[in-house]
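Participant: Sequence:
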Amino acid sequence: QATAQTPGLLARALDPTAQPLNEEEMARLALGLRTRLQNDAGNVEGWLMLGRTGMVLGNAGTATGAYANAYRLDPKNRDAALGYAEALTRSSDPEDNRRGGELLRQLVSRDHTDIR
Numbered sequence: 231q232a233t234a235q236t237p238g239l240l241a242r243a244l245d246p247t248a249q250p251l252n253e254e255e256m257a258r259l260a261l262g263l264r265t266r267l268q269n270d271a272g273n274v275e276g277w278l279m280l281g282r283t284g285m286v287l288g289n290a291g292t293a294t295g296a297y298a299n300a301y302r303l304d305p306k307n308r309d310a311a312l313g314y315a316e317a318l319t320r321s322s323d324p325e326d327n328r329r330g331g332e333l334l335r336q337l338v339s340r341d342h343t344d345i346r
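Residue numbers (this note's numbering): 231 to 346.
A couple of the hints might just be wrong.
Stated by the list, open to error - Restraint ranges, calculated between C-beta atoms of paired labels, are given here:
| id | residue 1 | residue 2 | range |
| --- | --- | --- | --- |
| 1 | Q235 | S322 | 17 to 23 Å |
| 2 | S339 | P250 | 33 to 39 Å |
| 3 | A271 | K306 | 16 to 22 Å |
| 4 | P237 | R302 | 22 to 28 Å |
These are computed hints drawn from the structure, not numbers from a lab.
Where a beta carbon is used, it is the ideal one built from N, C-alpha and C, also for glycine.
Assemble the whole structure, with the sequences as input and the hints as a guide.
Facilitator: Shown next as structure tokens:
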């Protein structure tokens, strides 16, 4: 059922004029995205959306794992790198924090004009 609702929930989440998703709808979107990504593991945009959804829901494991997959698939994708770095720096694990900080330093050294 969550998978069937995913396209509509995703469209609403991406539409700035639509009513924002509530927490239950966000959780269903995350479940639907995870289910779809099992069959489409190379979908960078899907992993990015799951990472964003995980961040909104406060689910660090989902966010970090999703951003890690997106970054592994496309290391030059700035959204993937920034999302992964942010998730790592928010972790309670000092090693994750170190890796997140290092990734941010690499991003800044590559493009110091991007202020995101």
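Participant: Of the hints given before, which are not true for this structure?
Facilitator: Violated hint (a single one): 1; every other hint is consistent with the structure.
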